[in-house]
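Line by line, the protein sequences are chains A and B. Per the numbering used here: the first sequence ends with 269, consecutive numbering throughout. Per the numbering used here: the second sequence ends with 267, consecutive numbering throughout.
Be aware that one or more of the hints could be misleading.
Said to hold, decoys possible - Computed list of lysine-lysine pairs in DSBU-like fashion (alpha-carbon distance at most 35 Å, straight line):
1. B:K42 x A:K6
2. A:K237 x B:K42
3. A:K100 x B:K212
4. B:K57 x A:K6
5. B:K208 x A:K263
6. A:K105 x B:K250
7. A:K263 x A:K237
8. A:K230 x A:K100
9. B:K209 x B:K222
10. A:K98 x B:K57
11. A:K24 x A:K44
12. A:K6 x A:K230
13. A:K6 x B:K213
14. B:K204 x B:K222
15. B:K209 x A:K260
16. A:K260 x A:K100
17. A:K3 x B:K213
18. B:K209 x A:K6
19. A:K3 x A:K141
20. B:K212 x A:K3
21. B:K45 x A:K230
22. A:K183 x B:K247
23. B:K62 x A:K64
24. B:K250 x B:K65
25. A:K105 x B:K62
26. B:K204 x A:K6
27. B:K247 x B:K213
28. A:K105 x B:K247
29. A:K100 x B:K222
30. B:K57 x B:K247
31. B:K213 x A:K183
32. B:K250 x B:K209
33. B:K62 x B:K250
34. A:K6 x B:K212
35. A:K100 x B:K250
36. A:K263 x B:K204
Keep in mind the hints are simulated off the structure, nothing from the lab.
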Amino acid sequence: MIKIIKLIIEEHREFRSQIMMLAKSDLIATYRGAALGWAWAFVKPIIHLAVFWFAFTVGLRHGKPVNGFPYLLWLMAGFLPWFYMRDMITGGASCIRKYKHLVTKIKFPISIIPTFTSISNFAVHIAITTVTIIVFCLFGKFPDIYYLQIPFYMLLMFVFYEAWSLFAGMLSSVSVDFLNLVKSFVQALFWMSGVIYNVDKIHNPTVRVILKFNPITVISGGYRKAFIYKEWFWEDKVELLGYTTTFTVVFLLALWAYSKLRKEIPDVL
Amino acid sequence: MTSQDSAETAADKLRKSRMTMAKKKKEAPVVVRFTNVSKEYKLYKTDRARFKSLFSKKIPYKTKKAVNNLSFELHRGEGLALIGRNGAGKSTILKMITGVSFPTEGEIFVDGTISALLELSSGFDREASGMENIRLKCSLMGMSDEEIDKVIPEIVEFADLGEYIDQPLRSYSSGMKARLGFAISVNSNPDILIVDEALSVGDKQFRKKCTKKVQEIMNDSKVTLLFVTHSLQTAQDFCDRGIVLEKGTKLFEGDIEEAIEFYDSRM
């Protein structure tokens, strides 16, 4: 187990300069060839957000202000990390397939592929976060001490999806069925998380706890803690426990997949 | 004397000079060593069966032995030809030397940077320009930015793509892609050069250029060449030793002339 961790770290150290370059070219490749180019990184989330805002405030007549913040801002704070997580759930699972030529044509450690895919998505996340903070300022809600938690939750999110991509990417390379399974579960994961409702308001205590084992709930809720609720991350112990448990499981699964499949995947892809 | 004749005598000369060098090379350090290497592919009936096999050892599969208990050594500066029909295990051996694929049993030792002229046009980013692809590929081969800046003019000149160098790769013809691939592999100053059927792509003019370039590289006695081909003539031009393979097993190892004779006699 420790040997595999050491191996992955060693591979990252050896290829550190290539990681940033590949992340950059992945980012450019995603947005190149479209007339609007970079604007798509913002247009997609804006439309997404607008649809949900319309459905909840106009359609369901639900959107009351939360903790003194307009409902739109509440929605925005939770959706912000969701865009990254959504891209990483499917994109992470398909990343090794996507960069097949790095696996089958040249000597290249497979563990690097999830890392630069993740970094590439993360760059977009940073940009959207900046825009979000500007929007909050326009509404007269300026940054305060609770914003210090944002980098912390970014780190939690990054580490979790790095492990997830390694695990899911390896399994998807062996079986397309797994990739399809992941793709069909994205919607389910979204609605079973706290992105569009406050998990703490659920009456059934069992469901409430279970949902806190969904890392999407924890991360999304974490951003809202910083932006809206003005709470600290250590205040909710269940949430921290839930996140740590899920992360440990996914992390171990990633190590298991890497040690078991690392040498087999070049022959299979 | 026709131009073909003169080309042949030039090749002859090169071979002779290499033959005399070959004796010295016996003492040169080993750059590639295979020790009892075997490679087995697991063949499952379906992808689903392969997926299930992750969780259970009971899933049945057939094995195909691509390489069987192979041992050989390659010294610095040598030229070695792997000769054999389709399915002899040549590509598998190359994949294992380049580090793409892993052996099931045995040990492989490789010392030095490898440049493989395998499937020249693969591994490119279709949306990126030729120039960006040069940077990308060189960097993946482990070259630093300064080294890349140094070799870029040579690559651009050799590939001879003109204006197309700044166009996205999807607008390239397959010949242009092969040219770019060859230019990168051959100009990246490798210690070990692996040549697959690469020299048989492109038009006659480009083939000639490639052959000349490989000869140039081989004149530098530090570069080791591993050559895989059906074309015995080209093998004879570049190599001083040959290994004949059949169904993953080594049948013969020795001087290139003898190896070719042995291979011909079995056909």
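Quick rundown of the hints versus the structure:
1. Between K42 (chain B) and K6 (chain A) the alpha-carbon distance is near 28 Å, which keeps this suggested pair within the 35 Å criterion.
2. Taking the CA atoms of K237 (chain A) and K42 (chain B), the gap is about 47 Å. The hint is violated against a cut of 35 Å.
3. Straight-line distance between C-alpha atoms of K100 (chain A) and K212 (chain B) comes to about 33 Å, which keeps the hinted pair within the 35 Å bound.
4. A distance of roughly 28 Å separates the Cα atoms of K57 (chain B) and K6 (chain A); the hinted pair therefore holds under the 35 Å criterion.
5. Distance check on the hinted pair: K208 (chain B) and K263 (chain A) sit about 38 Å apart at the alpha-carbon level, beyond 35 Å; violated.
6. Between the alpha carbons of K105 (chain A) and K250 (chain B) the distance comes to roughly 25 Å, so the proposed pair stays at or under 35 Å and holds.
7. As the CA atoms of K263 (chain A) and K237 (chain A) are separated by approximately 40 Å, the hinted pair breaks the 35 Å bound.
8. The suggested pairing of K230 (chain A) with K100 (chain A) is violated, with an alpha-carbon distance near 44 Å, which exceeds 35 Å.
9. Taken as a hint, the K209 (chain B) and K222 (chain B) pair is honoured in the structure, with Cα atoms around 21 Å apart against an allowance of 35 Å.
10. With a C-alpha separation of about 29 Å, the suggested pair K98 (chain A) and K57 (chain B) falls inside the 35 Å cut-off, and the hint holds.
11. For a cut-off of 35 Å, the pair hint linking K24 (chain A) to K44 (chain A) stands: about 20 Å separates their Cα positions.
12. In summary, the hint linking K6 (chain A) to K230 (chain A) is not supported, as the alpha carbons are separated by about 39 Å, beyond the 35 Å threshold.
13. For the hint pairing K6 (chain A) with K213 (chain B), the CA-to-CA distance comes to about 41 Å; that exceeds 35 Å, so the pair is violated.
14. For the given pair, K204 (chain B) sits about 29 Å from K222 (chain B) by alpha-carbon distance, which is consistent with the 35 Å threshold.
15. Restraint check for K209 (chain B) and K260 (chain A): not satisfied, since their Cα atoms lie roughly 45 Å apart, outside the 35 Å limit.
16. At most 35 Å may separate the alpha-carbon atoms for a hinted pair to count; K260 (chain A) and K100 (chain A) meet this at roughly 18 Å.
17. At roughly 43 Å between alpha-carbon atoms, K3 (chain A) and K213 (chain B) are farther apart than 35 Å, so this suggested pair is violated.
18. Between K209 (chain B) and K6 (chain A) the alpha-carbon distance is near 45 Å, which puts this suggested pair outside the 35 Å criterion.
19. For the suggested pair K3 (chain A) and K141 (chain A), the alpha carbons sit about 48 Å apart, so the restraint of at most 35 Å is broken.
20. For the hint pairing K212 (chain B) with K3 (chain A), the CA-to-CA distance comes to about 46 Å; that exceeds 35 Å, so the pair is violated.
21. Simply put, K45 (chain B) and K230 (chain A) have alpha-carbon atoms about 56 Å apart, too far for the 35 Å limit, and the pair is violated.
22. Note on K183 (chain A) and K247 (chain B): the hinted pairing is violated, with a Cα-Cα distance of about 42 Å set against a maximum of 35 Å.
23. Simply put, K62 (chain B) and K64 (chain A) have alpha-carbon atoms about 63 Å apart, too far for the 35 Å limit, and the pair is violated.
24. Of the supplied pair hints, the one linking K250 (chain B) and K65 (chain B) holds, its CA atoms being roughly 13 Å apart against a limit of 35 Å.
25. Distance hint between K105 (chain A) and K62 (chain B) is fulfilled; the C-alpha atoms sit about 25 Å from each other, no more than 35 Å.
26. Note on K204 (chain B) and K6 (chain A): the hinted pairing is violated, with a Cα-Cα distance of about 50 Å set against a maximum of 35 Å.
27. Among the hinted pairs, K247 (chain B) with K213 (chain B) is consistent with the structure: their alpha-carbon atoms are about 32 Å apart, no more than 35 Å.
28. Distance check on the hinted pair: K105 (chain A) and K247 (chain B) sit about 23 Å apart at the alpha-carbon level, within 35 Å; holds.
29. Under the criterion of a C-alpha separation no larger than 35 Å, the hint pairing K100 (chain A) with K222 (chain B) is consistent with the structure, at around 33 Å.
30. A hinted pair counts as satisfied when its Cα atoms are at most 35 Å apart, and K57 (chain B) with K247 (chain B) qualifies at roughly 28 Å.
31. Between K213 (chain B) and K183 (chain A) the CA atoms are separated by roughly 49 Å; this puts the pair beyond 35 Å, and the hint is violated.
32. Taken as a hint, the K250 (chain B) and K209 (chain B) pair is honoured in the structure, with Cα atoms around 33 Å apart against an allowance of 35 Å.
33. Taking the CA atoms of K62 (chain B) and K250 (chain B), the gap is near 23 Å; set against the 35 Å cutoff, the hint holds.
34. Under the criterion of a C-alpha separation no larger than 35 Å, the hint pairing K6 (chain A) with K212 (chain B) is inconsistent with the structure, at around 45 Å.
35. Taking the CA atoms of K100 (chain A) and K250 (chain B), the gap is about 31 Å. The hint holds against a cut of 35 Å.
36. A distance of roughly 39 Å separates the Cα atoms of K263 (chain A) and K204 (chain B); the hinted pair therefore is violated under the 35 Å criterion.
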